[in-house]
Amino acid sequence: MFTHYLDLSWRSFKRTPVVSFLMVLAIAIGVGVTMTSLSVYHMMSMDPIPEKSNQLFHPQLQTVDEGVKLWTKDGMPRQMTYQDAVNLMNAPIPERKTASVKTGFSVHLDSSTVKPFSSAARLVNRQFFEIFNLEFINGATWSENDDLNASPVIVIDDYLNNKLFGGGNNVGKSINLDDGQYQIVGIIKTWDIHIKFYDLNNGAFQKPEHIYMPFSLVAARELDNWGNTNGWKFEPSNTFQDKLNSERFWVQFWAELPDEQAKQRYGEYLMAYMQEQQKLGRFNRDELVYKLNNVDDWMEFFSVVSKDNKVLVALSFMFLAVCLANILGLLLAKFLRRAPEVGVRRALGASKRQVFYQHLVEVSLLGFLGGTLGIVISQLGLWGVRATHSVYTNLATMDATMLFASPVIAIVSCIIAGLYPAWIVCRTTPAIYLKSQ
Amino acid sequence: MLEIKPIINAMLRSKVGAFLLLIQIAITTAIVSNAAFIISDRLTYLKQDTGYQEEALFTFNVMTFGRDVNIDQQIELDEAMLRQIPGVIDASLMQTVPLSGSGSASGFGEKPEPEKGKQVRASYMFGDEHALNTLGVKLSEGRNFSDDEIVVHGSDGKQTAPSVVIASKAFTDEMFPEGNGLGKTIFMEDKPVQIIGIVERMAGAWLRDSKPFNALIIPLVKTDTIQDFVVRTAPGQRAQVMAQIEDKMLALYDKRVVREIEGFDLLKSKYNAKDTLMLRMLVVLIVVLVLVTALGVFGLTLFNISKRTKQIGTRRALGARKSAIIRYFLVENTLISVSGLVIGSVAAYLLGQQLMTVFSLPALPLSFIAFTALSVLVMSLLSVLAPAKRAADISPSIATRSI
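Chains as they are written, first to last, in this note's numbering: chain A, 13 to 449; chain B, 1377 to 1779.
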């Protein structure tokens, strides 16, 4: 029966090509515009590490003095002080945790084949790769000793490996970063994420770093912070040691807490830690506060999906509604004109339900065609988004979910628009039309 | 005269068509007026005068890894070389490049820290006596730095604090609301500096800051392994100068990386990418929406006419003029549109309120609603015109024919 209805729909489409095409076009434009903004929204709000996003936590410690107002959304610092990050990294729990800071170097080889270039790097401990499920192609993370001794070892990604050596297993080779020599101990698969969720401080859509090295090198080599540093009180800052001792925020921290129990235990630990620090004379405030943000909370906190995106998605759905009202009108016109034909069919024994069903099939066909054309239009729209700025290169694309969603949205909205006209037409009383024939 | 009553009666016979049209017009009005307002808001923001000739300025970054030169001296050589390139007006080492979205800011107080007193936040940049001319900003009061006021924090590790500063007018106006900020002393943390010059208009590092034009130039040169240079060229010469920068810098000393050679206009557009995107998407949305609505009006009128062909023919046969037929459709459309516009205007206002509270956009001015409503009405009447003309051309003889 369905195929028969499909056949009827196609005939009907061919009989009134202009109106049908206008309807398909209206759906296509509606869906195209909606899918464009929805795709960008989807890419921005997509869980970057679904298998673990509720196990990875970025703690926030409220360490500013009583009465000091920070400019952040919740009045709590977004990063940590060096002291706290190091203390928490040396803490007994949880099993996996890492401090993290962005830095950068000029990269050069002793050979003249590769022109010196600059590259950002990330200072972390050896567990970082495990925490974020990074995959090693060659070698492995550095040893615990390297972490303790600030050894000049690095892990690079496949991208940099290709750029420097043209690919291959180059574990064991050394490269120069500024005036130091560092040995490659591992090569990871290039990290393919749209959102730099592990460090949102300098823009959510930046690319991950290509070089990773032990966090202990920060102090040992006095490495610059390429991220943000935020101070809130007057402190001397003449030497690098001053910076390490200061209450300024510039270090990120991630802990892996596999279950609710671990989270609770860690929360208690953080509170105890803050109380202990308070006894040592830091954190001059009545109420000590900490927060444990998982990946989603953290993205929310940084407003990764901006208000603009939300406004756009809302507006595009309203736009889709206008297109639907349009289609509803056209459908009504089209179906009513066919009333005599329906009258005959009814007289020949078709039930109301069958007529209704047939018209919904016809509407769905329109929706399907419109949705397919809508994909083309949204691709055009996404191309426009990408052309606006390179930031959007990875964001303004459609993944499988969105590709699948577009005909679904088109068909569903067409069925909604078609319900009323189909209902009207199936109520046609056969008698009237039989009389005049 | 305008046959309003019969028109309303006829409309009530087929409510759905009229209702759909009304809905479309209402939503269109609501969306277009809000979108147009957001667009105008962004346009004002994007088009604002930053105080700089963005097309004549560019910046680049140098990372030195070689340790066999004295960086303090090297920078002098670099600057001298840059200033000699044909087409270059001036060049200067600067820390914090304006409009770039990355830099430093701090509160500057009327009392030295840790005493409590009035504090005004400003974005600050470090530069020497060439900074003012390089940026191409104009002093409205006071003077430029003199050579001996420039403090160098160089490789010798000695650190002294600068004693003077040049401030933007926006900053001095906020710091000293009664005017006469020139010559006054403010405090950077615990160190006093005197304002010796006031620049009419000069944006800091962040245009999205709550006070984007609070900016200071501090006469400090920090010679470091990572440096930013700013260069101003003669109009139209920039591209050609930018193309030579890397080679010329490496020719002078090659153990370094020259990167991010970027025009100020590009820096700004990068920083504002999401505003530009929003703007473009909204423009597309408005255009398409208006087209779709026009199409809807057009289609619905055509449908109405085809349904009423016989009646129209009868009216014509009874002596109605063509203009009367056209008028009929125009009046009908106006009735529907106006009701749609009234509902739409209320919806626009409510939507604006919603956007204001949820997304902290500014309040939607009523003029935008009024203007949108008027345009939608005109558009709607225009889309009726063609089908109405066609209706008027229906021959009276159709009345006598049976269908």
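Hints were generated in silico from the structure; no laboratory data involved. Because the structure is a prediction, the values reported are computed rather than measured. Heads up, a few of these hints could be off.
Claimed, not checked - Examples of chain B residues lying across from chain A (beta carbon under 10 angstroms, computed): (1) Ile1399; (2) Asn1410; (3) Asn1437; (4) Gly1442; (5) Glu1486; (6) Glu1489; (7) Ser1516; (8) Arg1519; (9) Phe1679; (10) Lys1683.
As the list claims (entries may be wrong) - Computed cross-link-like contacts, SDA-like style, restricted to lysine to any residue with a CA-CA straight-line distance of at most 25 angstroms: (11) A/Lys127 x B/Leu1626; (12) B/Lys1423 x B/Ala1610; (13) A/Lys85 x B/Ala1739; (14) A/Lys322 x B/Val1664; (15) B/Lys1683 x A/Phe368; (16) B/Lys1514 x B/Pro1490; (17) A/Lys127 x B/Glu1636; (18) B/Lys1650 x A/Arg349; (19) A/Lys322 x B/Pro1738; (20) B/Lys1646 x A/Ser131; (21) B/Lys1492 x A/Thr400; (22) A/Lys185 x A/Glu142; (23) B/Lys1644 x A/Thr400; (24) B/Lys1391 x A/Pro442; (25) A/Lys245 x B/Lys1514; (26) A/Lys185 x A/Ser155; (27) A/Lys322 x B/Arg1584; (28) A/Lys127 x A/Glu142; (29) B/Lys1646 x A/Lys245.
Note that the Cβ used here is the ideal one computed from N, Cα and C, for glycine as well.
Hints versus structure:
no. : hint                  : in the structure
1   : Ile1399               : holds (5 angstroms)
2   : Asn1410               : holds (8 angstroms)
3   : Asn1437               : holds (8 angstroms)
4   : Gly1442               : holds (8 angstroms)
5   : Glu1486               : violated (15 angstroms)
6   : Glu1489               : holds (4 angstroms)
7   : Ser1516               : violated (30 angstroms)
8   : Arg1519               : violated (30 angstroms)
9   : Phe1679               : holds (4 angstroms)
10  : Lys1683               : holds (8 angstroms)
11  : A/Lys127 x B/Leu1626  : holds (11 angstroms)
12  : B/Lys1423 x B/Ala1610 : holds (22 angstroms)
13  : A/Lys85 x B/Ala1739   : holds (22 angstroms)
14  : A/Lys322 x B/Val1664  : holds (20 angstroms)
15  : B/Lys1683 x A/Phe368  : holds (23 angstroms)
16  : B/Lys1514 x B/Pro1490 : violated (34 angstroms)
17  : A/Lys127 x B/Glu1636  : holds (15 angstroms)
18  : B/Lys1650 x A/Arg349  : violated (48 angstroms)
19  : A/Lys322 x B/Pro1738  : holds (16 angstroms)
20  : B/Lys1646 x A/Ser131  : holds (20 angstroms)
21  : B/Lys1492 x A/Thr400  : violated (46 angstroms)
22  : A/Lys185 x A/Glu142   : holds (23 angstroms)
23  : B/Lys1644 x A/Thr400  : holds (13 angstroms)
24  : B/Lys1391 x A/Pro442  : holds (23 angstroms)
25  : A/Lys245 x B/Lys1514  : violated (34 angstroms)
26  : A/Lys185 x A/Ser155   : holds (17 angstroms)
27  : A/Lys322 x B/Arg1584  : holds (19 angstroms)
28  : A/Lys127 x A/Glu142   : violated (33 angstroms)
29  : B/Lys1646 x A/Lys245  : violated (32 angstroms)
Taken one by one, the earlier hints fail for this structure at numbers 5, 7, 8, 16, 18, 21, 25, 28, 29, listed in ascending order.
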